[in-house]
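Residues per chain are reported as follows:
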Amino acid sequence: MASVTLQHVEKDYGSLRILHGVDLEIADGEFVVLVGPSGCGKSTLLRMIAGLEEVSGGEIRIGERLVNDVAPKDRDIAMVFQSYALYPHMDVSSNMGFSLLLKKAEKTTIDTRVGAAAKRLGLDSFLGRLPRQLSGGQRQRVAMGRAIVRDPKVFLFDEPLSNLDAKLRVHMRAEIKALHHQLKTTSVYVTHDQIEAMTMADRIVVMHDGFVQQVGHPLELYDRPSNIFVAGFIGSPGMNFLPATVSKGGKADAVLADGQKLRLPDGLPLQDGDAITVGLRPEHIQPAENGALKAEVEVVEPLGLSTQFYVRIAGQQVCVFVMGRSTIRPGDAVRLSAEPAALHLFDPMSGNRIG
Amino acid sequence: MTYAVSEIRSAGRRRKRRLSHAAIEPWLYLSPAIVLLVVVLLVPLIVGISYSFRKFSAFKSEYVGLGQYQAMLSDQVLGQALVNTLWWTVASLFFQFFLGLGLALLLDKPFIGRKLVQAVVFLPWAVPSFLSGLTWAWLFNPIIGPLPHWLYALGLKAEPTNILSDPATAMWGPIVANIWFGIPFFAITLLAALKSIPSELHEAAAIDGASPWQRFTKVTLPFLAPTIVITVMLRTIWIATFADLIFVMTEGGPAGSTSTVPVYIYVSAFKSLDKGYASAVAVLLLVLLIAYAVALIAIRRTLVRHV
Ligand SMILES: Nc1ncnc2c1ncn2[C@@H]1O[C@H](COP(=O)(O)OP(=O)(O)OP(=O)(O)O)[C@@H](O)[C@H]1O
Ligand SMILES: [Mg+2]
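The listed protein sequences derive, respectively, from chains L and Y. Note that full-length UniProt numbering gives residue 145 to position 145 of the first sequence, counting from 1, and the numbers run on in steps of one. Note that full-length UniProt numbering gives residue 246 to position 246 of the second sequence, counting from 1, and the numbers run on in steps of one.
Simulated from the structure, these hints should not be mistaken for laboratory data. A few of these clues could be false.
[As the list claims (entries may be wrong)] Between beta-carbon pairs, the in silico distance windows are:
(1) L:L305 x Y:Y29: 24 to 32 Å
(2) L:K104 x Y:H149: 49 to 57 Å
(3) Y:H21 x L:R129: 38 to 46 Å
(4) Y:T161 x L:A105: 23 to 31 Å
[What the hints assert, rightly or not] Cross-link-like lysine to aspartate or glutamate pairs, in silico, DMTMM-like; alpha carbons within 20 Å at most:
(5) Y:K218 x Y:E200
(6) L:K153 x L:D28
(7) L:K261 x L:E296
(8) Y:K218 x Y:D108
(9) L:K73 x Y:D244
(10) L:K119 x L:E53
(11) Y:K60 x Y:D244
(12) L:K177 x L:E283
(13) L:K184 x L:D76
(14) L:K107 x L:D91
(15) Y:K55 x Y:D75
(16) L:K153 x L:E25
(17) Y:K271 x Y:D244
(18) Y:K109 x L:D28
(19) L:K153 x Y:E203
(20) L:K103 x L:D76
(21) L:K104 x L:D76
(22) L:K73 x Y:E203
(23) L:K103 x Y:E203
(24) Y:K218 x L:D91
(25) Y:K109 x L:E296
Here the structure is a predicted model, which is why all the values come from computation and not from measurement. Virtual Cβ for every residue (Gly too), placed ideally from N, Cα, C.
Whenever a hint applies, use it, and build me the whole structure from the sequences.
Here it is, written out as structure tokens:
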């Protein structure tokens, strides 16, 4: 096991810069999830840790060792690919034991280690099968098994669950998490699915356009997103954003486009007349008899456990999330209230969090 | 219960009768194609085989049973032609395949000017075999071609003479021309097969610790195997029956040293005018090649049943 350290890692394809100086410290035994929209450079970063892509700038260390110019096989890592990349002409046990075979391990050693990994993953009865004779979920397990058998310092996963159906994905998510709990191997996991990130990660790294936006514990990102991008990316249903202007008559208020006012928390570095973007999580804006905000309900989505409304406030569609069931119907006029402490304020120019 | 069973049975019988209609119907739709295939493919084949039981002379032909086949047994020239054919096929195929594979592997890697090299590599295929035969014959001719002088300068030959006029070396002339002519075939087909290998497989192997050579033998080759078997089979048959180059360059000479079976068939049919004997030799070649193809397909079954 080992830590992974990235220092100002850059990646260029020709004149095109894909990664702009990524700094990241992954502790020994940590499960870190890289998340971001398609094309943000997550896979590229992971492949650079694996040694499959050249490093254009900066330093990558595994443990204490600088690995910029170390071949993939000498980095002591294992990778699980989105396509699984199983060798189609080898059966499951050969697929899993291939790396040991190449290391010229004893046949008995290979057999015991493959056997143990197969048992752990419930693949015992498939050892003689070819990949094409397996279901998608079983192939995914074989790919995991191939990684486990090597007993590497670091596991790298590139969207390993995205080819599975929704139910199996949830199941495998828990299984990978349990596996990490047993093995405690440092893991870097790439996904574009923020729910996967939230449920699996010790720490999440949110990326966008080749920049790291924020690094932190899942709930830390949820509670204190450092900019509009992270605020909108983390959480489902996503955060609502309302453009507003600050008005400072005694207490500070945010004045929305239609003149409605939202009480702001105290002690923020705001000036009268500042333009701000107010972020509101759907569960933090609730129907209330004497609520300050007037809104019209457009859509009601009853989910049984909870209900989601889409209402219009100051010309913007806003999602409201309430637990349980509700008698509110589309077309109803409602009053809503929000705790000042639950508001997230952002600078609309830079997108950065205020306060 | 009985009621239900008999019901099902009678339904089954009815379906069977309808099935026989259904069984014939597709053949009716196919019949034009089948008739065409029979006329175009089978009729000439049967006529050719039937010739092999006859003896032809200037104005008549007579039935001689297996007489032509008996004559083959004691035909020294045919024996020589069979040996020549084997030599010509194996040498051409060996070099075509390995040079083609090497070229395909090179062209699979990105480098500057790859498009251009690709176009040049595939050029020999666009040249008519007749023309390339002539060109190579000229290249080997010491009066107008440079090759004998180069061989002499390299010390491979004592004198800058034409290798095509020496029975000991004459076969190498058409073989070299044939190699040049056949490399693109292997390069194209193997390159296409190489391109179909997912790059992640190579990456997984690299992470698993495979050296480039191990990646080639454990990942690339198993993927190429089905293509290799098929192309080698097709190519063997083409080369074994390919007479243009030899005929243009040496006409089977000197002293029959480059006479392969197809050349011998041609000479028997159109120079000795014994169509019957030529047909018998052709049937022999056909049988040998079919046996070869069957053997290779059997090997393929056991070897590459996975992919
Ligand atoms: N070989 C290449 N040449 C040029 N640009 C490339 C190359 N490979 C990737 N890119 C670019 O690098 C960027 C990041 O790609 P990457 O595969 O890391 O994205 P990603 O975050 O993994 O996205 P996804 O979620 O779709 O897998 C993309 O904009 C892509 O177009
Ligand atoms: Mg990706």
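Against the structure, the hints:
Between L:L305 and Y:Y29, the C-beta spacing of about 59 Å breaks the proposed range 24 to 32 Å. At about 52 Å, the beta-carbon gap between L:K104 and Y:H149 stays in the expected band of 49 to 57 Å. For Y:H21 and L:R129, the hinted distance range of 38 to 46 Å is satisfied, since their beta carbons lie about 42 Å from each other. Y:T161 and L:A105 have their C-beta atoms about 60 Å apart, which leaves the hinted 23 to 31 Å range violated.
Using a Cα cut-off of 20 Å, the hinted pair Y:K218 and Y:E200 holds, with the two alpha carbons roughly 14 Å apart. At most 20 Å may separate the alpha-carbon atoms for a hinted pair to count; L:K153 and L:D28 meet this at roughly 9 Å. With a CA separation close to 16 Å, the supplied pair L:K261 and L:E296 stays within the 20 Å bound. Simply put, Y:K218 and Y:D108 have alpha-carbon atoms about 18 Å apart, close enough for the 20 Å limit, and the pair holds.
As the CA atoms of L:K73 and Y:D244 are separated by approximately 52 Å, the hinted pair breaks the 20 Å bound. Restraint check: the Cα-Cα separation between L:K119 and L:E53 comes to about 34 Å, which exceeds 20 Å; the hinted pair is violated. Distance check on the hinted pair: Y:K60 and Y:D244 sit about 30 Å apart at the alpha-carbon level, beyond 20 Å; violated. Under the criterion of a C-alpha separation no larger than 20 Å, the hint pairing L:K177 with L:E283 is inconsistent with the structure, at around 28 Å.
Note on L:K184 and L:D76: the hinted pairing holds, with a Cα-Cα distance of about 15 Å set against a maximum of 20 Å. Simply put, L:K107 and L:D91 have alpha-carbon atoms about 16 Å apart, close enough for the 20 Å limit, and the pair holds. Simply put, Y:K55 and Y:D75 have alpha-carbon atoms about 16 Å apart, close enough for the 20 Å limit, and the pair holds. With a CA separation close to 15 Å, the supplied pair L:K153 and L:E25 stays within the 20 Å bound.
Proposed proximity of Y:K271 and Y:D244 is supported: the alpha carbons are some 16 Å apart, at most 20 Å. Proximity of Y:K109 to L:D28 is assessed by CA-CA distance (about 38 Å); at most 20 Å being required, the pair is judged violated. Straight-line distance between C-alpha atoms of L:K153 and Y:E203 comes to about 18 Å, which keeps the hinted pair within the 20 Å bound. Between the alpha carbons of L:K103 and L:D76 the distance comes to roughly 12 Å, so the proposed pair stays at or under 20 Å and holds.
The hinted pair formed by L:K104 and L:D76 meets the criterion: a straight-line CA distance of about 16 Å does not exceed 20 Å. Between the alpha carbons of L:K73 and Y:E203 the distance comes to roughly 10 Å, so the proposed pair stays at or under 20 Å and holds. Simply put, L:K103 and Y:E203 have alpha-carbon atoms about 17 Å apart, close enough for the 20 Å limit, and the pair holds. Between Y:K218 and L:D91 the CA atoms are separated by roughly 13 Å; this keeps the pair inside 20 Å, and the hint holds.
A hinted pair counts as satisfied when its Cα atoms are at most 20 Å apart, and Y:K109 with L:E296 does not qualify at roughly 62 Å.
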